[in-house]
Amino acid sequence: SFKAAAMTEADFHKKVERSYLVSPIICEVGLYVLAGKPKGGKSRILKDLAYKVQNPDLGTWIGHTVAYGDALLLALEDNSDSMNIDIKEMGYQHKKKPTTFVEIAPTLDRGLEESIKLWTEEVPNPRLVILDTFQKIKPLGEQKTRNANAYEVDYHYLSKLHTLARELNICIIYVHHLSQADKAHSWDKIMGSTGHQGVTDAMYMLEREEGTNQATFKGIGRNIAEFKMDIEWNNLTYKFDYVGDSYLRKTAKHKKDIFKAMVALAKQGSGSVKPADVYKVLNLVTNKEKNTCNKNMQRMRKNHELREGEAFGEYKLPYKLEAYGDDGELLSGNEPWSPFNVHEINAAESEEQFELDQFGKSL
Numbered sequence: 088s089f090k091a092a093a094m095t096e097a098d099f100h101k102k103v104e105r106s107y108l109v110s111p112i113i114c115e116v117g118l119y120v121l122a123g124k125p126k127g128g129k130s131r132i133l134k135d136l137a138y139k140v141q142n143p144d145l146g147t148w149i150g151h152t153v154a155y156g157d158a159l160l161l162a163l164e165d166n167s168d169s170m171n172i173d174i175k176e177m178g179y180q181h182k183k184k185p186t187t188f189v190e191i192a193p194t195l196d197r198g199l200e201e202s203i204k205l206w207t208e209e210v211p212n213p214r215l216v217i218l219d220t221f222q223k224i225k226p227l228g229e230q231k232t233r234n235a236n237a238y239e240v241d242y243h244y245l246s247k248l249h250t251l252a253r254e255l256n257i258c259i260i261y262v263h264h265l266s267q268a269d270k271a272h273s274w275d276k277i278m279g280s281t282g283h284q285g286v287t288d289a290m291y292m293l294e295r296e297e298g299t300n301q302a303t304f305k306g307i308g309r310n311i312a313e314f315k316m317d318i319e320w321n322n323l324t325y326k327f328d329y330v331g332d333s334y335l336r337k338t339a340k341h342k343k344d345i346f347k348a349m350v351a352l353a354k355q356g357s358g359s360v361k362p363a364d365v366y367k368v369l370n371l372v373t374n375k376e377k378n379t380c381n382k383n384m385q386r387m388r389k390n391h392e393l394r395e396g397e398a399f400g401e402y403k404l405p406y407k408l409e410a411y412g413d414d415g416e417l418l419s420g421n422e423p424w425s426p427f428n429v430h431e432i433n434a435a436e437s438e439e440q441f442e443l444d445q446f447g448k449s450l
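Mapping of the sequence shown onto the numbering used here: residues 88 to 450, in sequence order.
These are computed hints drawn from the structure, not numbers from a lab.
Any given hint could turn out to be false.
[Stated by the list, open to error] Mimicking DSSO-like on lysine-lysine, the simulated pairs with C-alpha atoms at most 27 Å apart in a straight line are:
| # | residue 1 | residue 2 |
| --- | --- | --- |
| 1 | 389 | 354 |
| 2 | 124 | 101 |
| 3 | 407 | 340 |
| 4 | 375 | 276 |
| 5 | 343 | 407 |
| 6 | 403 | 343 |
| 7 | 126 | 90 |
| 8 | 375 | 342 |
| 9 | 343 | 276 |
| 10 | 375 | 347 |
| 11 | 347 | 223 |
| 12 | 407 | 315 |
| 13 | 204 | 126 |
| 14 | 102 | 126 |
Go ahead and model the full structure; you've got the sequences and the hints to work with.
Below, the structure is given as structure tokens:
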């Protein structure tokens with residue numbers, strides 16, 4: 088009976104709080120996939136995570152706080168020698184080791200679930216299981232899936248891992264590859280069927296720019312907020328370092344470009360400008376570029392980084408032209424050239440009163 092077994096009113100009122108293995112991007116319990124191109128750094132970034140879960144003194148993982156506990160690292164594309172070299176390069180040779188297994192492990196139809204359950208009973212605080220890669224523990228040719236399509240096969244075995252993570256109250260992350268084909272939706276690049284997108288609680292992707300140390304790490308899921316961050320490979324520590332939020336860094340650069348364009352226009356006598364004037368200076372031609380610029384200028388006005396212009400839909404620089412360098416940077420100096428004080432904004436009775444107080448000083 089659906090009626091008898093349905094959620095009760097009390098179920099909707101009980102207090103539920105998310106707990107994180109890596110706050111706030113990886114939840115403490117669930118099944119997760121990390122996808123990326125071969126040799127892009129997937130295994131190395133997860134080895135770093137395993138050691139930081141196992142050792143509370145190792146600090147953050149790509150800029151985020153990690154919960155301490157026991158980790159199981161099934162590095163099935165490594166051998167003992169390659170693992171030895173990697174851990175020495177990362178400086179973890181004398182740190183507490185996660186349970187590390189290389190080369191071969193039981194598949195999902197031949198004891199993997201039982202072995203993981205046994206491991207959780209043998210360690211004091213089981214937290215994380217890393218399966219590198221999914222293909223190494225996926226059964227091939229099992230009778231019950233022989234006549235199933237790729238989606239049904241993936242869904243069947245991933246559901247087993249998902250159920251296991253819930254039953255054991257642990258986080259399971261498996262590694263998977265990206266396909267070679269270009270896809271309109273970036274998450275469709277995950278190799279295989281959409282079962283990987285359907286079953287997992289969240290998906291993560293590591294994309295490294297070819298020939299550089301620059302990379303992006305992004306995630307999306309049912310229990311996390313979508314994010315995208317810039318990371319960088321460190322040739323000294325053999326690990327990835329956190330650089331910043333991709334959106335915020337891109338927005339900051341665009342803001343600087345807007346200021347630079349408005350300074351150039353002001354020097355030509357256009358103190359009050361429309362977004363279309365800025366488009367021309369920045370050589371923005373696509374509708375997407377123009378819309379982004381327009382929205383950023385609206386946000387900058389709302390955040391007091393720009394002022395209302397002389398006519399509707401126009402904007403002005405918040406300070407006199409002499410306060411800016413040619414690159415759009417606000418020059419350091421005495422009032423009124425310094426940026427607005429957020430405490431003054433909050434203390435003002437209204438936005439209009441705040442502006443009157445601020446710009447009254449320069450008058």
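(request) Any hints from earlier that this structure breaks? Give me their numbers in increasing order, please. (result) 2, 7, 9, 11, 12, 13 and 14
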